[in-house]
Each structure stands twice: as structure tokens, then as C-alpha cells.
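Enquirer: Residue numbers (my numbering), protein chains in the order written: chain V, 1409 to 2093; chain X, 8 to 825.
Treat each hint with caution, since some may be false.
Reference excerpt, derived from the structure (chain X facing chain V, CB under 8 Å, subset only) [unchecked claim]: (1) Asp224; (2) His257; (3) Ala288; (4) Asp414; (5) Glu415.
Quick list of simulated restraints, FRET-style, between CB atoms [stated by the list, open to error]: (6) Asp1912(V) / Pro222(X): 55 to 61 Å; (7) Ala1733(V) / Asn65(X): 51 to 57 Å; (8) Gly1564(V) / Glu293(X): 41 to 47 Å; (9) Ala1733(V) / Glu453(X): 58 to 64 Å; (10) Thr1582(V) / Glu293(X): 56 to 62 Å; (11) Glu293(X) / Asp1494(V): 33 to 39 Å; (12) Lys1736(V) / Asn65(X): 38 to 44 Å; (13) Ala75(X) / Gly1564(V): 54 to 60 Å; (14) Thr33(X) / Lys2087(V): 55 to 61 Å.
No lab work stands behind these hints: they were computed from the structure.
Keep in mind the model is a prediction, meaning the values are calculated, not measured.
Just so it is clear, CB atoms sit at the ideal spot from N, CA and C, and this is done for glycine as well.
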Amino acid sequence: MGEFKVHRVRFFDYMPSGIRALAFNQDTERMAVARMDGSVEVFHCSDRFFQEKIIPGREQFGIEGLSWVGERLFSAGLNGGITEYDLTNQKVKYTIDAYGGPIWTIAGNQQGTHLAVGCEDGTVKLFEVNEDNIQFERNLDRQKSRIVSLSWHPSGSKIAAGMMDMIQVFNVETGHSMHRMLADRGVGTSRSKECVVWSVVYLSDGTIITGDSVGMVKLWDDQTGTLIKSHNVTKCDVLALSVSQNEDSLVAGTSEGIVVQFQFVSMVLGKDDKEWVRTRTFRNHTHDIRAVAEITTAVVSGGMDAQLVVRPLLDKIEERSAASALRKIHFPHRRLVACARKSGLMLFQYPGHLELWRLGESEGKGIPGSSLFVKRNPEKLLHLKVKGEDHIRCSAVSPCGEWIVYSTASTLRLYRLHCDNNNISITKISKLPKVLSSANQLCFSSDSSHLFSASAQSSVHLVSISQSGCKFVGTLKPKSGSHQAIHLLAASEDGKWVASANSDHEVHIYNLQTRKAHCTVPIYSSAVTAMGIHPATNCLFMMHADQQMFEYSIEQKQYTDWSRTVQRKGLHRLWVERDTPCLNVMFNPQNPSHVILHDMYMLCIIDQSLPLPDDKTQFYNQLTLKSLTEEQRKSHSHAFKVCKTFKDILCVELMPDQSLVVVERPLEDIATQLPAPIKQKKFAT
Amino acid sequence: MVEQSEVRVVRCGGSKINLRPPIISTDSRFVLCASGDSVKVYSTRTEEWLHSLQGHTNQVTGITLNPANHLQVYSCSADGTVKLWDFIDGILIKTFIIGYPLFAIYVSEKHDGIVFLHIAMDTDSKNECFQLVAVHLPKSAEQEVEAKELSAVSSRISPNPSCTAFGREGQYIAFARHLQLNVYFFRKQKTYSFSLKATDKKGAKNAFTCIACHPADDCIATGHEDGKIRLWRNFIHTKEYTYSTQHWHHNAVNTVCFTPEGTNLLSGGIESVLVQWQYGAGNRKEFLPRLGGSILHVSTSSDGQLFCTSHSDNRDAVLTDLMIDPRSKALVLNGKPGHLQFYSLLRDKHLYNLDIVQQEYIYEAGLDQFEVVKAAFDIKGYWLATVEERGQKSSDLEFSLKLWAYDERTQSFVLNTTITAAHTDRIMSMCFSSSEETTMLVTTAEDGQFKAWCQGADADTQQDQNFWSCDFVGSYHNLKPTNCSFSADSSLLAVSFQEVITIWSPDTWELLTTLCQPPGVVRDLCFGQLSCSKYLIATTTRNLLCCWNLLTCALEWSTSVEVSKLQPDPLSENVAAFSYQSKHTDLFVFKPNEPRPLFTHKNVCSEKMHRAVFVPREEPLNNCDESSQWLNRSQLYFLTQNMDLLTFSTATEEDRMLSSSKRLVIDDSVAVTPFYLLLGKHRQQQQKLNTPSHPAADKPQQPQGSVTITELLHTPAHVLPAASVLCSMFVSSLLISNTGVRQDPLREMESSEQEMNSEKEEEHSEEEMEACDSQQELRAQGSVDEVTPKLSKAQERELKRVRKTDFSWMAGLIDSKP
């Protein structure tokens, strides 16, 4: 496997932002997640919850609600505007003001014709969804208090609105209120506090289900406007509700971090009189659950602790597989760390700023597993704040460490770093070609002479950079295919090739000498999570979200023999069942048959010269190999060598001096920086 | 159990009533418990033991009400029979012979004539392979029927009978074993199985411990080993079944039970807290804490007003000696944790608990609790000494000696003195001096000392309160004292130090002599009683029973017998010795003055003897038979290691018991009011008259105006005359008139009654007519010597008065009728 000197980096203080809203699109199987910092992410539910799209947020841009209308995604926030997103180019399409003060909730009807928003001033505003924009239609009867939650009746004729201390049912046709149902306040001291109806769900049979700040889940009848049943779920607030597509299951998220499931089951078997019964309880969160969504086979919940939890419902799953395991998504499926390999610099990307660090140096050699004495401490060279309100979408540092580039939704900035002794200074390159106004992904060529910038319509702009300035060289465009934004770029070591992957799973390879599209890798059903071009053989190595790996020979325009062998023999069960995607592909220049991969939990070296493991062989075999003699070892070893020494890995990079840089962000450190959760009595404490 | 000619071993009261859940009769008047070989019937209102249903020849393993007739109960037993009883009268109706040892019984309303039984699949029940079988009970008039129509339902049955339950309307039966829940539907003949994981991530134990089915909904509640309660629904789908989990108990749930309406779920466990969960309202729950011992079973009455919990009080190891409270003649033994229970043997009833430890009992697994380990009464029952200790396993032993004085006013024991560090090590034994004048307590401990405690007025304490303080500390060559005993007149104290017995004078605390018979450490020690008080008897570990004559200080006799327990009878010279040899226990009764046993009983029981005690009889028997003479003054009770309380009974005694049980006919149907008393007597009398086989010899006839009262109560209010009229009649009927009439007051009463009847004939309801008839019958049967009706003066006066009374109100009544 080989020995490496490892820089164990723990000074990247990345803080994921809390989850504020979830919206599930049944047709496309996409889950939209809105975070506290205003960013919106789109996960592909049937592709192992791969984070396909990230739309970075802005300062002072809090999202309160998300809603799909068809395949269009809308959000509304406390700034009073409704935003539609351009999911193809992963940016905000437009924002219009609803003129009702802060918006607390947004809901689209199932027909896809209207959007309703609940505003601070007590109005429910209806917007008509047009071809390319939305238009204000009218207000429903104005109420005295703010509208906190909204739900459309599936027929689209009625809307239930949760407010302070009450629930109002509106007729959409007339705009008048049909029923006013009062929610009880709590007892005792909370008597004086008003009861906030945090969440409301309108079922097709006319049942309205509400979750409120008293901790009750209440069921109301919309014909009579009376309470049918109430369930005391928690002592704190019930913050979120979600009903399954066929309306036989309901999940409620509470501020204690508990998700409670209710099921619509018949009390007497074989008869039709069904009741909502509290059944399961899921405890996967430590903090408030701000949003829940029940998708076909799982319950998805997110909250203040910034993790997205996918809890599978085993009764809905046909067969148990890796796709049906409990999944917790902590980190983005993008790289936030860039590494200047030749100069030992690390660029950390935060939402609002960049940090440049120089790695420390150690002396001497140690035995494997021991820690070395640090001769020079790592040093923070630069703290670069973003101009404007937009958050950073992508960033890159050139391998030589001389150039830093980042892009927001609106601007792209290129900086040159001057480093003489201990004096660090940067200069902004002022005159940029027009094409470099914004980028979805950025990448430098290995000799740092060119910058690749992925932009709209899956095109890659090629810009040459030098001391004198930067010059637009050309645009690489695919011959055909979709216009989805590119989320991965990989340049070859020899400067001949560049590969791009977009969210439609397309991988295009361009010849840099002819500046033409060279070929397109056959489209695989799962998204590409990481790829790299082998420096010696110029083979493109791709990792997919379903943990499959492909090696594609660029020159021969076909899969390599090794890749075909992998596909024929299949990968080991334990490899396929891992639940985080691989985020980086590296190659060991000293041993061309080694491919280094990493995901959040492990670091893996694939030795292409060794046989592949089948399901019967022991997958994690390092300990066994240690106990064997040299000769026996040969018969037992297989291609996968997994190292689990490091946890919560954000990035692994192989430096030219055969040392590894492992950037860790321990989840415990994140937990300590979160606000204190609601104090709960624990048994025997 | 081997029966001898006359004296036989009898399982007596106090055997576990908590083996199987108790059941409450449909009218909520009786509680039935399986107890040993019989079923005990208790009254819910008076909480008294009424009678036992006896007839099984082995442990009763299950009882259930007959769904077809709520006055009947089925019981099954390990002897392989199912018996049907009328539990109110205690009559055995039918016996069904199954032929296999039975372990539990279930019935359901839907399955008429079928009982479901647990039988062991293999012949040895240790294999824990049980089978649920349905048995069709043949309908036949015979008393004993063989039921051979067995059909197996399932073999995935847990040996725990609370892991099986019938579902709504008997449509399905749910049973669980280990981690699997099975639901068998009778109509579809299909079993659905649901499995839980052996453990979850937190190491919880998921095994099923009990099951209950909702009476109206299809919901199964299961209790689990880790204290969780799961409510299962939708269990006709193998995949889409669902359950909700509730967790309050921190240890295994012993029982779950739905109330008859299904609105609440009751659960209990070792925490001795009864939890009432509101059905359908999530985790809303109420608690009934501090119920004493851990809860084993809960049952509800059909009207939902009574819950019956059975606890594991009397199953805990009895640490203290069995003792007899000299006052109440009650058996005293460990009860609830930290308590002593007083148990009346005569009435087979728990009298009261005495809280010794006086600390709140909070159950936690592994927590070392204070336990009462020693207790002793002085001879008059004025003083009770107790020792409680904790930390038996660990080195940090904590114990205290407490002395309790009897309070006449409260009729209970009151704590007088607590001595926290009586000794530096564990107290081995203690005894009170037996003299009447001064009470003295001697304790021996492992620290090599014995201490004498006296009740003395300390200088620094108040004069009116006498506390106990140490009087003397004695030791002998640093040997560990084990036993101590006072002679009958308290003039001598014998303390055994391993192999040596020392005799001390309690007055001067002078070592009088030492007795030694090596090898073998002295195990038990006692003085002879009454005429044999000059003898000291000791047993050693080397199978030696020695008897010393204290006058000569020489060994009188010794015999080689392995004695595990020596128990002198305080009322006679007899000493009982139990010996455990080759897997059975033998009993010898002897007098110290002769080495020949008075009585031997081989193979008393198969277990080792744990404790034994002589209980003085209230009235001595006069058995002349030699073998049972020793039981005349007192009765020997003993407790085996299985915590079965056994005793010896004689033939004459059994006869008497039989007669007394027949005399006790208790009618519970009427509340205990003054009217009830009057009426009750009346009925009793009627019964006697109607059953000529039972000549009413014991009780004098007391025909006190019951007819009047019956009439008063049974006549509809709107046809009754004014209260003033009735009142005088009623009062006069209660009076005992002059001697002449006394011979047959009933007769006389009737005549006056009839007078009245004739006067208002036109209004007589039918009931009254019947009453009249029965009276005539009574007369025909009951009174042999007919005396012509003769009116007393008082009654004549009464008659006249009645005639004078204005009955115009009746005319008004007639007019008003349509």
C-alpha cells in the first residue's frame, strides 16, 4: 500500500448551515433543501441522495419556505420576496416583492397553477404561475395576525392557514374565510404565550392536521370546523409536518429533535374505519427539526444541527440494499478545499470568504502511526473577503500557488499572490475577459498557465494567464447534449486534455490542442462525484454516486480493460454499501497502478495490478495481511486498501513529495459550535 | 408426598398466589388465585379469603373464567387435568383428563367448548419446548371425562403464560417467544410472524415478556425485557405492520393489561409502580407508585373498577427466621423489601407489614438495598429486635440493630432504639432472654464478641424513656461466636464458639463452664424446655447431635445424624430436627432426655429445609395416638427452599377443619348493613330448615321478625302503609315477649302477620302471596310441636291499635288508580 507522511489538517473551521426548509418533488425525485444562509441545494433521492445542485445564498437572505411548482423551484423569505431559481445554471432566476412584509410560508397547489404566500401583514397572497414568471393575482381575506403556515387542499379549491392561536380555512374562489378554528394555548405559565400554528397539512378527505407550539398535533374536520383528535407529541414545539403521497402516513418534527410518525391505520383489521395513530419515533437529531418531508421510501428531516437525515421506512422498501440504509448528510458533496500542490498552500472556501494557509513542516522520520515533531507551524497567509452580498460558488488556487480565483453568482475575481519571504500581498487582475463574468466551476491547468472556467450551457472557457495579464483563448463546447451546469472539471497533467462533468451525468472530454470536443463518455445512470486524468496513461478515472468506478481511455475512446473487468466482476458488497460519495481521485506518480480515493469516512488506495475482491473475500483485510507471511500475503491481498484512521474527511490531496494532506472537520467540533439544544430530562441524570 | 397413617404433610397457606395472574369474577365480587394445589377465592369487598377449590393433585398452573357461564371457572394443573368449578359454592363440576402436564389455559368466547392449553412438547419440561393445543371438551354428563381431541395450534410458544393472549372477539391469538411475535388467525388459519432484532445499538434487550390484546381494536400490546411497551397494529401485513414504542419502565415489563373498555393500558414491572397508559394518547400516563414488591400480574375486573395486582412479596428469599409473634400468634417473616410481614396462619391472611428499614424503596438493578436479615421476639411479645444490613457481597457492610416496643394503643410495634454500630462485623445470631422479669438481648457477631443489651435508663437520657444499651461484652479466645441461646428460666446463656459451647451466667457474666465435642463446628444450639431444661442440645457440622446434661456438665448422649435444622417446641419438651440426606428431608422429633426419636417422618419433602417453627395451638388437641401426640400443643410449620410453607396435620384436625368449613357459608350478595344482619340470619335459618340432612344443632333458632322485614323490603313502596304503622310493628317484632310465647315466637309472629295480611288482602301483590306460602311451608317443616296460636297481651294491644288506624288513605289510593 505504501507509506505516506500525512498532514492532518484541522484548522478548516467549516460550519455547515442549519436546514430551514425541505421540498420534495415526487415526479423528478428531487429534494430541495434550503439552509439558514440562504443557499438552496438539490438532492437526487434515487441516486443515493447525491447533492446535484448548489445555489449559494446571499447575506441577509433568509429563506422561510420552498415550493416546487412542476419542475420549477420557488422560495420565499423574510426579505419579503419570492425567488425563482434557474436550476439549469444553478442560480437565482428572479426575485419579485410580494409587498406584504416578511413572508413566512409559501405553498404551491398540486395543479401547478398558483402559488400562495403567507405574509407578516396577515394576508395570503395568490400568485399565478406563468410560463416564465409569476404574477400577483389577489389577496385572500386579510387577517389580524401573521400567516405562519399554509397548505392547499389537493383539489386546489381551499387553503388552510396556520396563524397565531388559530387556523383559518379559505375558499380560494371567493377568497373568504370558511372556518376559523382556535388552537388551545398551553396550560400553566405558557397560558399567556400565544400558540403558534407552525405547520398545517390539508388532506384530500378534508382533514386538516396542524402542529403547534404547545406540542400538539391536532386533527380538524373542515366541514364542521371542529377538532377530531389531538395528540400530545412533545412538551416543546411541533415545528414541521409532512404527509406521504398517498396520505396514509404523517411525520412531525419537534424542537426536541424527534420525528414522530403517525399512520392512518384501520383499528379493526379488514374494515375501513381508519384512524390516525401515533406509531414510530425517530431520534436522529440533537437540535430543532425545522423541516421534515416524507418521500416514497423514507423520512427526510433537517434542522438546526445542519445534517440531513434520511431515515428509510422499511415497510415501503421492496428489498434491503445500500440505498435503503439510514443516511446522514453532513458535508456538501463538493470540494471546499483547493490545494496548490507545488507550493504547499491550501485554499479553504467559506461562504463569505476564502482562507489561504501554508502547510507546516515536520522533521525527521517516524515509525508508522507515530506523530512527527512539527518544525514549522501551519500559517494563515490570507483572509480574502468577498465583495458584495453573494456567497462564493466556487474557487481555485493554481498548482504553483501564484493565482487565486473565485466566483460568486455575479462576479469572478482573479488574484495574483506575491510571496517574498514573509510579505504576502495580492493584486487583483483588473481586466478580465468578458466571458469570465461568472463561473460554475473553476480549474487551473497543471502548469498554471491556463484557467478553465465552466459557465452556462455546459461550456468551458479557456483563458491563458500570465504575468502580463489574462487573455481569452477559446470556448470548449460539447457537440450536443444538455445545457446543465458543469460541476466537475479535470485537466490532464500533460496539458492535452480537459474533462467536464455536468449534472445530467454527461462527461465531455476536450482536446486542448485543437480546442475541440474530443469525445463523450457513455452516459451512466448515476452522477459523477469525482474524476481525474491519469498522468501517465491519460485515462479518465470516474467515481459515481452509486460507488461504481469507471476508467476510460481518452486516446482510445473506450473503457479500459481494467474497467471492463470491474464491471464484469462487480464490486464488493461492502464497497457498494458505503453511504458517502467519493470526492477526489488522485494518482500516485511513484506507482502508476495506484489510484487514491477518499470519501467522508475513509481513504482508499486501489491497486489496479492486484485482483479484484469478490463477495466472499474479506474486504477490510489489512489486519489479516499483517499477520500473514510474505508469501501468503500475495494470495490474500486484493485491489482495495482502505484506511479508516481519519474521520470526517473534507479533502485528501497527494503532494508531490509523497505526503498526504488530510483535511478533517470532526463532527464533535461542529456540535460544540451549535447553539445549545432544548434541555431535556434524561433518565438517571 | 408420602402419606402416613394419620399425620401427613399438607401444603398450607402462604404458598405462592402469584404464579399465575389472578382473575376477577364478572360481577367483581371475587378474586381467584391459583395457589399451590388449589384455587383460592377471595372476596373483593372484604378482602378476606373465602374458600379454596381443592382437588388438583399438583400445582395449579392456570385459571380462567368459563366464557359460557361466568359463575364457573376452569383450572388446569400440572397433574394433567382441567377442572370446571362453581367457584361461589366451591363445587367441582367436571374433570377433564388431558393426560399431559398442563402449563397454562386460555379460553375465548368465540370458541365454545374449546380450551387452549400449553403442554410441554417433550416429556421433560426443562427443554422449554411448549406447544399450544386446542382441546375440544366433550359434552357429557359424567363427572370425569377424558378429552383426547387435541389439535396443535403452534409450537412457537414461550413458557411464560403471559406471552399468549386472545385478540378481539377471539378471532386471533397472539403469542410470542424470545424475539418473535406470532399472530394466528383462526378463520384464515394463518400465522403472521414479526421479529425484532436481538439488540439495537444501545444494547437494549428486545425479548418479549408479556402480551395483551385490545378488546375492541386490533392492537396488540407487548412488553419487553428492556422496559419498552410496543403497540402493534396492522399485523395482517407482513411488511406494512407498524408499531409504536413507549418507554417508561427501566427494567423488564412483567405484565401488560388492557382495561375492559380498552381506554387504558396497565403495565407493571419490578419498579413496583403500576403505570396506566391512556390508549391512543401517546405517552400520557399515570402512576401508582410504592405498591410494595415488584408487580408480576395485573388483572382488571369486567366493570373496570377494580385492578388486581399480584406482587412478588412472598417469593423473595426469606432471610430471617420464621417466628411467631407471641401476641397475635402470627407468623412473622420477610415481606416487602425492608418490611416484616405478619401473617395469620389460621386465617391464611396477611395481617400487616412493619416497616423496619424506614427508607423509601427505589428499585434499581444492582443497587444494594437494606434487607431485614434477623428478627427476634421476647417471650411476651413486648419487644422485637431486628437487624437490617446491606452490602452483603461487597466489603462495605452496613447494618443496624433496631429494637421495637409494642404499643398497646396503636396495637403495633414502635421503634425504640436504633444501634447503628452494634458490632464491628456482621451479627450472626441473637436471642432474647426468656425470663419474665428482665428482658435482655444477646447478639453474637463475626467480630468475635457477643454482647448483651439491656433496657436501662442512661444518665443522660430522660427517665421516662428507656432505651437499650450495651450491658456486657464477652468473648472467648478470639473465636467467632455463632449461636446463642438462653435456658428456659434465663439463668444460663449458652454461646457457641465454633467447636466450643460456653455457658455463662447472665446475672454475673461469669463463664461457668465450657462444653466441647470436637470435631465439628457447632451449627445449632438449643436448651431443652420444661422438664428437660437441664439438657442442652447442639448439632455440629460433622453430623453429630449431642445432648449435654448441664447438672453434671457431661455428655448425656450423642448420635450421628446430619441435622440441618433444630427447632425446640416452647410448649413441650419436644425438639424437632430436620436432616437433609440424599435429596430428601427427614424429620425427627425427640425428647432431650432420651436418645430415641418420638416420631420420624421420612421424606418430608424433596427440597432442603429452610426454616421451621412451632406454632402454639389456640386449643390443644387431645390426640392419644403416640405418633401424633407431639402435635397436640403446637403445630410445626416449615418453609422449604422453594418457599413453600408446609405443615403437619393430624386426622382429627382435618375432620374438624372439614366441619368448620361447612359451617362457614357466607353470603356476599347483600351489603353489610343492620338489615343485612337480620336478613342474613333469616336466610341461614331457612337454609337449615330446607336441608333436613343438616340438623341445625349448633345454633339456637332465632326467628326474629324476619318476615316483617322481608315484607318491608320486598313490598313496593307505593303499596306500603305509612311508616308510623310499620315502624311500631317492626319494633314490636324485635321485642322478646313473655316466657309463654317464647317457645315458638315464629309461629306467633306469623299469626299476627296473617292478621294484618287479611286486613289488606285486596292489595296483596303476588310476591307477598308467595311469601305467605313459604311461611306456611316453614311452619309445616320446622315446628314439630304445634301449639295453638296464642296472642300475647302486647300483640293483642297492637292488633287493636291497627284496627283503629284510619285506612282511609287506601280509599284515596284506589280512587286515584285509573
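Enquirer: Now tell me, hint by hint, if it's right for this structure.
Expert: Evaluation of the provided hints:
| no. | hint | result |
| --- | --- | --- |
| 1 | Asp224 | 4 Å, holds |
| 2 | His257 | 7 Å, holds |
| 3 | Ala288 | 7 Å, holds |
| 4 | Asp414 | 40 Å, violated |
| 5 | Glu415 | 45 Å, violated |
| 6 | Asp1912(V) / Pro222(X): 55 to 61 Å | 58 Å, holds |
| 7 | Ala1733(V) / Asn65(X): 51 to 57 Å | 53 Å, holds |
| 8 | Gly1564(V) / Glu293(X): 41 to 47 Å | 45 Å, holds |
| 9 | Ala1733(V) / Glu453(X): 58 to 64 Å | 60 Å, holds |
| 10 | Thr1582(V) / Glu293(X): 56 to 62 Å | 48 Å, violated |
| 11 | Glu293(X) / Asp1494(V): 33 to 39 Å | 57 Å, violated |
| 12 | Lys1736(V) / Asn65(X): 38 to 44 Å | 58 Å, violated |
| 13 | Ala75(X) / Gly1564(V): 54 to 60 Å | 58 Å, holds |
| 14 | Thr33(X) / Lys2087(V): 55 to 61 Å | 50 Å, violated |
In summary, the numbered hints that this structure violates are 4, 5, 10, 11, 12 and 14.
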